[in-house]
Amino acid sequence: MGAVSIKDRFIYGLFYLSGLIIVGILVSIIGYVIARGVLVLNLEFILESPRHAGSAGGIFPTIISTLYLTLLALVIAVPIGVGAAVYLEEYALSSSKFAWLVNLTAETLAGIPSIIFGLFGFVFLVIFLGMGWSILSGGITLAIMILPTITRTAQEAILTLPPEYRENSLALGASKWQTIRKVILPFALPGIVTGVILSIGRAVGETAALILTAGSSLGMPQSLFDPARTMSVHLYMLAMEGISLERAFGTAFVVVVLILIINYLANLSLRRLSR
Amino acid sequence: MEKVYKMQSRNLQVFYQNFQALQGINMDIEENKVTALIGPSGCGKSTFLRSLNRLNELIEGTTTKGQVYLDRQAVYTNEVNVVELRKSVGMVFQKPSVFPMSIYENVAYGPRIHGITKKNRLDDIVEKSLKSANLWKEVSNRLNSPAARLSGGQQQRLVIARVLAVDPEVILMDEPASALDPISTARLEELIAELKSNYSIVIVTHNMQQAARISDYTGFFLNGDLVEFNNTADIFVNPRDKRTEDYITGRFG
Amino acid sequence: MEKVYKMQSRNLQVFYQNFQALQGINMDIEENKVTALIGPSGCGKSTFLRSLNRLNELIEGTTTKGQVYLDRQAVYTNEVNVVELRKSVGMVFQKPSVFPMSIYENVAYGPRIHGITKKNRLDDIVEKSLKSANLWKEVSNRLNSPAARLSGGQQQRLVIARVLAVDPEVILMDEPASALDPISTARLEELIAELKSNYSIVIVTHNMQQAARISDYTGFFLNGDLVEFNNTADIFVNPRDKRTEDYITGRFG
Amino acid sequence: SQKEGSKSGDDGQGTAKLEGTLTIAGSTSVQPFSEVLAEKFQEKNPGVKVNVQGGGSSQGVEATISGAADIGAVSRDLSDEEKNRAKLTVTPIAIDGVAIVVNPANQVSGLKTEDVKNIYLGNIKNWKEIGGIDAPITVVSREDGSGTRDAFTNIVMNKEDIVKSAIIQNSTGAVKTTVAGDKNAIGYVSMSKVGKDIKALDIDGNQAIEANVKSGTYKLQRPFIYITKDNPQGLAKAFIDFVLSPEGQNIIVEEGAFKIK
Amino acid sequence: MELITKPGLSNCEKKNRSLIVAENRHRRVDVEKLIEKTLLLSAAVFVLIIALITIFIFAKGLPLFSKIGLGDFLFSNQWNPTKGFFGIGTMFIGTLLVTMGAMLWSVPIGLSSAIFMAEIAPPRIGKTLGQLVNLLAGIPSVVYGFVGLIVIVPFIRESFGGNGMSLLAGAIILGIMILPTIINISRDSLLAVPNDYKSSSLALGATHFQTIRYVIVPAARSGIITSVVLGMGRAIGETMAVVMVTGNSAMIPTSILAPIRTMTSNIVLEMGYASGDHQTALFATGMVLFLLIVGLNLIINRLAKAGTDDGRG
Ligand SMILES: Nc1ncnc2c1ncn2[C@@H]1O[C@H](COP(=O)(O)OP(=O)(O)OP(=O)(O)O)[C@@H](O)[C@H]1O
Ligand SMILES: Nc1ncnc2c1ncn2[C@@H]1O[C@H](COP(=O)(O)OP(=O)(O)OP(=O)(O)O)[C@@H](O)[C@H]1O
Ligand SMILES: [Mg+2]
Ligand SMILES: [Mg+2]
Ligand SMILES: O=P([O-])([O-])[O-]
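Those protein sequence lines, which keep their order, are chains A, B, C, D and E. Using our numbering, you'd call the opening residue of the first sequence number 1 and step up by one each time. Using our numbering, you'd call the opening residue of the second sequence number 1 and step up by one each time. Using our numbering, you'd call the opening residue of the third sequence number 1 and step up by one each time. Using our numbering, you'd call the opening residue of the fourth sequence number 1 and step up by one each time. Using our numbering, you'd call the opening residue of the fifth sequence number 1 and step up by one each time.
Careful: at least some of the hints might be erroneous.
As the list claims (entries may be wrong) - According to the in silico footprint, chain B covers these stretches of chain A (three or more CB under 8 Å from chain B):
| no. | region |
| --- | --- |
| 1 | 168 to 174 |
| 2 | 182 to 190 |
As the list claims (entries may be wrong) - Here are the simulated BS3-like pairs of lysine-lysine, each with C-alpha atoms no more than 27 Å apart in a straight line:
| no. | chain 1 | residue 1 | chain 2 | residue 2 |
| --- | --- | --- | --- | --- |
| 3 | B | Lys33 | A | Lys182 |
| 4 | C | Lys3 | A | Lys7 |
| 5 | A | Lys176 | E | Lys37 |
Hints in this document: simulated from the structure, not taken from any laboratory. By construction, the Cβ of each residue, glycine as well, lies at the ideal position given by its N, Cα and C atoms.
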């Protein structure tokens, strides 16, 4: 009986190394954003409206717009996405053509560039359906974008549950839906939350598709039908039109903090929901 | 008194993909009696039990032919409400699998989904079921701890309590005593004797003595066939089939 | 001839968070003998087994005190190579859990990770192990189908075959016959008798007859204590402790 | 879009009480100008809400034709195809100079148009050929369809092709950052966005300043235009009038572009 | 379901429970049916969306082929919209190269750090790391682009030569952007592997690493594949950042230090200002991309399906 072999140590070393690389990437990117952004950061920056096309004032309306749009996208995409996942894993036969088709479309949807979603949203929602540049158009477009992530992760989470849970519940006289509600969804929740959180990230970080659908107007939105500029779009404009890189990074900093807060709340509320 | 048959199977055949696990089983399960199923491993006992409440359907690639009746109503028809069926025909699985919830929630699960929400009422049911399953004493002070932390035998008794809490009419038990110590086994046997007056019980067991002790009828399965089905006394004293005799006397194979 | 102790436990205590499951167990496990552990459900038998090859460590919140020796080398020290330990001290779990792979791959798993790669050699080991576990006949024509599709008893035998394939020195068996029919049980008992000449075996069983039949030593556990440990003959004929007597005669509780 | 966009006064200027929503969409380079103009316009007319959208010149045309926007903002001349699609009224609102820019560390401070052209044709590859250090030139250009590029190819390149190996960035900011980060890079951006991390070159001895643009000695320039379906009416007319008014034109100058003549 | 003999029985005292879907049971069953239908609709939404997008892209893109042959469009390396040359051959290659480049490093590192978080690091640290990784997912692409432009491009220029805007820069940035998807989805499925497998393997004398390699990872295989597929989808579809660091020259790259243009970049770069044939050509690019993704998914589906039969589910 000797100690752990050198080979094993080496392999462990590799795992630790990759963990370290991730931490390194994380720290340097977030650190960079914070370092560049912290200079413009103050209470006024967060709580006031932008002036002079964003080169002065704050970013408050963009924070609110981001929240509205993300929330709307989640409200649309989470029920549909999780519902589709439940249907595919619990109702459809794995051999069914329909299931095959939906799975294929979900994966295809996942690979479509956001600019295409944007163009689609622009022509179909903004122009054809006459919704105009609005939170509604943007929210629906974002919802379509994040659907595949939500569905695939939920499917995966359901798939990995031990089949015994299902059998036991059904044998106790629970209906299929009761089994899903009480056993499958609660136990698949961590996976579902992962999907939702990745999606929030995607929604908050999106620009191209939103400029075309939610618009990039700087006002404070009053209703679902008003145009809105999210923080990402704002920082995109600031940076890309050469208005102010520093303010762009300041906005990015706030995005990171917002993501932290939203993730925390999403975790919390979804866990509540499962009870 | 005439016999009342609670459940019946007619020419019941089950296929897993191409493999035929049941060869056409005809069996009458009398009400308020205990029916024991014996036979070597892999002969189809679990398959038979699982097809009585249509649980086999959950395994993809399974086909069932023939018919099963509960109170003379055909079970394999499109009109049957499978949920009602499974509520009436409870099942204790061969491998006890507790839900990853607390002990209390495991037992309360069934009653809850059947609409009982009052805390008092649930408490009563949980206590009564755990007592019947002879587990109350060991867990009464830790009802809220995760069920997964129980020992093997405790988990098996928890699964029994969970079924009792639903109060079915027929109880199917797949080797419920496999992980139980003699005391718990004895208790379970007493419990079965008690339950008999209100329920119809089908039990799979590998323990011949146990089958002889507790059952009224015994069926001997072999390679997917029901070789012999008769009064327990007859089966054990006077088996008609040579293979049955060999099996119960341990001279088999 | 002097007794050779393969494994020994000294004042072995195991805690699950605050709950003490073992109260300080001293036991000597003789080489090339069968030691049976009996006792009511929840008394700590599985806990004891699992602490012999340090598997309890995997459960979060578990603390172990005292010492275990394998060939007089202390097992609970930092220098011990746990992998070597577990390779030498094999284990059959109470709940058989097959890997989600084919039957063949389940059995070949152990030999493979211990460096055997030649196809012939693996084939031989798989066949031999499955034969010893009395499963070969049933599965030889479907070695490549998923192990999860086996019946309960077949899975239990598969798990036994999986351990035999590793060829350990000590085999710990936690109710290995719980899901087995009498024939397979008889075979397993024969197998244990055979294995005895090369291995040291510790077996948890709820079947008193079985313990009496196959074991050389028997330990009776109660509430985390080893109440009595002695020659099997002595335990069953002449129990020293009143509680042991009560338990084995079924008068307990 | 132009909801209840009626005006209750009899002339479009200042004091009249205007109400409703006006939507402008299109070029992202015009967007910041439109935004500042809209800010002022709304201050003067509290009942008016002006939404300024980006999306690009093409989206602006699309949105104006479909009616999703009242005014389209375009940073290049309309293509023939666009002119044919619908009757669009074009109103130039500003002139934007285009500066040829290099890294501040670059010792070259002026070039001839011909040299710039040769650089972008790929004929001149090293700074030493035109009085700089011995280093390969990183050619940075805008994407096809960009208004800035349109002006550049028309005026400097004489419609000849830009070398294929040129780095393409699709925004003023990205070109700026690229040039600011690469000592050997050359690019071109809107004069209004030059700033201190990049350096504008004199072209044919003319500095990139308003006076030279105005006088026409600095030729590299392009218009910012507003388009409307038919002639501008109501709010749209009021806004365009405001933009063309001295006050509006002053704002444009403050933001770095030049008055329309 | 064939009926052989009807059970001939008398006096059957029935409980007041009916197995048959009777009037009084109607509602409950209806609810179940309703739910199933609703869920079916949710799944059908995917097909609907794809159908709409397909119609839309194809309607806008197909007209191009009345002017330019499909072969020219796909295989020509000439992209010069102002002169009427529309060939996306270079971009096709660019897309493949940059996606492969990104996957090449981020899949191994992502998977091994997922394993690190799920199996090796103490649970608390693993969990915290997972949450931090989610932050990476939320950083807007533009920020990645600018970080790439300000940090990574100069770094490449200084260390390896060239002007830095390159295939390599694109692969690095894209790889970082798909890490969260790969890491967190795989980590979840690794954590969902039943503990019994782990203890069984360890009890057979397997090392922790062998257990991971031969039991845990295979058991989590489907989740890992999902993570890679979603990650790849994101890589192909991500643009904003790629556009800023790859230089976008429409040329076939001669080394990893050469600039490239991807199909998505092509669309993002020019769509805002394109009109007429130019716009149609960009939609046609989207169409090809779309078909490429469908094809890729079909292949992956096939590969993933081969040998997944472990008898579960
Ligand atoms: N993970 C755990 N956390 C907390 N308590 C536990 C845990 N595992 C077991 N226990 C408790 O420790 C005691 C001993 O458990 P153990 O599994 O050793 O019993 P056992 O003798 O094997 O019983 P059985 O015959 O039912 O398998 C029991 O009371 C059990 O509830
Ligand atoms: N899902 C499945 N797919 C294919 N074959 C199966 C499946 N489940 C069971 N079988 C096979 O069907 C036969 C009957 O299995 P069953 O589980 O009914 O046996 P059993 O009598 O309960 O045995 P045991 O006493 O070992 O539990 C066995 O040969 C088994 O291998
Ligand atoms: Mg069975
Ligand atoms: Mg145990
Ligand atoms: O069209 P641009 O003004 O962005 O070049």
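Tested hints:
1. 168 to 174: holds (count 7)
2. 182 to 190: Coverage by chain B holds for the region 182 to 190 of chain A (3 residues, Cβ < 8 Å).
3. B/Lys33 to A/Lys182: violated (34 Å)
4. C/Lys3 to A/Lys7: violated (39 Å)
5. A/Lys176 to E/Lys37: holds (13 Å)
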